[in-house]
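J.: Read off the chains here:
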Amino acid sequence: MILLKTVNLRKQFGDTKACDGLDFIVHKGEFLSLVGSNGAGKTTLVNLISAHLQPDSGQILFEDRDITSATVADRIKAGIARSFQIVNLFDGLSVFDNVALSIFSREGKTVKMAALAEHDHEVRAETLEVLGEFGLSDKAEVLAGGLAQGERKLLDVAVAYALRPRLLFLDEPTSGVSTRDKAQIMDTVSSVVRGGQVTAVVIEHDMDVVFRYSDRIVMMHEGAFLADGTPDEIRANKDVASILLGAPLAS
Amino acid sequence: MKADLKAPRTRSVLKLAAAAAPILLVLILVPGLVPIYQVQLLTYGLIAAIAALGFNLLLGYTGLLSFGHSAYFGLGAYAVAFVVQYLGPHSMEVYLLIGIPVVAIVSALLGYICVRHTQIFFGILTLALSQVLYSLALKFYWETGGSDGLRVPRPDLLFGLLSFSGPRGFLQFLTLYYYYVLTAFVLCVVIMWVIVHSPFGKTLQAIRDNEVRARFLGIRIRRFRWIAFLISGTFTGIAGILWVPLNGLTTPDILYWTFSGEIVFSALLGGFRNFTGPIVGGIVFTYLKTYAVATTEYWQLLLGVVLVILVLVLPTGIVGALAKLAQSLKRRPA
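Line order of the protein sequences matches chains A and B. Numbered according to the working numbering, the first sequence spans residues 1 to 251. Numbered according to the working numbering, the second sequence spans residues 252 to 585.
If we strip away everything but chain A, and leave its shape as in the complex, we get (with noise of 0.2 Å):
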């Protein structure tokens, strides 16, 4: 079933394509990884969906309802959330008061200003099992910003998951962070993602990290689709290979 879909989406930034009449899907349930080099247009078409751009032409469609000028907080009441490819947290607000955020937001109460936030308990319950689940538990009551890298990252993912989305973008969730912290973030996010029946589409320049963890890959060239498939058919395919040696093209 298809969860979202782009008809001839396009943004060009001068002469540059970012995203050159692209038709993108993405069905229900499933982890997708998009791949290819850098300016590739894979932010860029993440940025158009999730409307922190707007697209030169096209239409978004998510559960067959055309979004294509909708705004971010409609998007997200829609069910499409994000994270970012630099870590976006709030620095001066504690772990458990990143997430509770996201939770105030998704359920209207953050007009609310004559209770004290701590004293909700429903929301306090539910930023518990989130923290939880990410195993961020025992930094609840530490600022954000003192984080070390690898947990900044799983609590990018956190604060874009306790949203409850039905389509998350993660933009490189392991970038920057220590190969062995990779598999552990990658580990929490997939079995977190799966297990709240989520589906994923993440950015994503480990390969190994890619055909691990995922459903379907997408590979992006210069503002197109090179190739789409199951990790094996990309792991098969001679064009997506000359992509990330950085040779030639076989056709």
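Read the hints as simulated data drawn from the structure, not as lab findings. In this text the structure is predicted, and so the values were computed from the model without any measurement. Among these hints, one or two may not hold up.
Over the 12 Å line for every Cβ pair with chain A, so calculated as not near, a few chain B residues [what the hints assert, rightly or not]: (1) Tyr295; (2) Val445; (3) Ile482; (4) Leu552.
Mimicking BS3-like on lysine-lysine, the simulated pairs with C-alpha atoms at most 25 Å apart in a straight line are [unchecked claim]: (5) A:Lys112 - A:Lys77; (6) B:Lys575 - A:Lys139; (7) A:Lys5 - A:Lys17; (8) A:Lys139 - B:Lys266.
Idealized CB from N, CA, C, for every residue including glycine.
Following the hints, complete the assembly by docking chain B onto the known chain A.
T.: What follows is chain B alone, placed relative to chain A:
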């Protein structure tokens, strides 16, 4: 895990109440312990603290630096003066009942314009709008008294239950008005404390820390900034309403940009990154300015030097520095 986390948070509220209780007790006992002049000075200090507390909801919690909060302080004072001039009653409760909605409405209107921008553009807009009000107060002298201002006589308190006349009326007023302001101060502190620890307050802090991420949680940034502006302006306006019966006169000076600077100074002095900073800053600044003015005609120079030292040596303000000191003493082995 739930129990583990719940305990320290509940304790922190109790700890705060335990720390506030002795301070409140001292404040209650002050009139019996010090000369009446000091009581009057402390009343001014508490009023300045309310103004700084309101201002800091924008600076410390929302990340917006207003250079025009004199507008709301002055507006509160002039609203009271106009009530006296046109409606006649000399009742503090009437002043508050009319003054607060006036300040809230004007804060909402001006805030709606200002929060469309951030950073320097926000600061300049707030400054410009406050200067417009200053000019109006100065130029419409047939209504505002121009540079002479408008007189506000001593009001009755508690709906006429307490009135002050006769030879000892002024001294009685100073003492009882101190308690009146202290009550308002405690109420303002409690209300503001709840606001900044509510989901709304957390949302403001999130916007301050990372506007982009806040937007991607579905938070409508401008709306939150606007509400914060409205609350901030109203609190500062309440300070203006409380100030004018004590001063007995309102003049355009309190609408001028230098008065906004004093509110900013108070917040910096106490420390704008913590809740109690602006309260301490407001009170300390009142004493600092009073004694600087009494000591030297170059008092502005003296305050300037203090400000420079503050920024260079104590960037976290008095409360921030004390908190750091307490932390380092705590860490030191016995």
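J.: Each of the hints needs a verdict: does it hold here or not?
T.: We went through each hint and held it up to the structure:
no.	hint	in the structure
1	Tyr295	holds, 29 Å
2	Val445	violated, 7 Å
3	Ile482	violated, 8 Å
4	Leu552	holds, 35 Å
5	A:Lys112 - A:Lys77	holds, 19 Å
6	B:Lys575 - A:Lys139	holds, 22 Å
7	A:Lys5 - A:Lys17	holds, 20 Å
8	A:Lys139 - B:Lys266	holds, 22 Å
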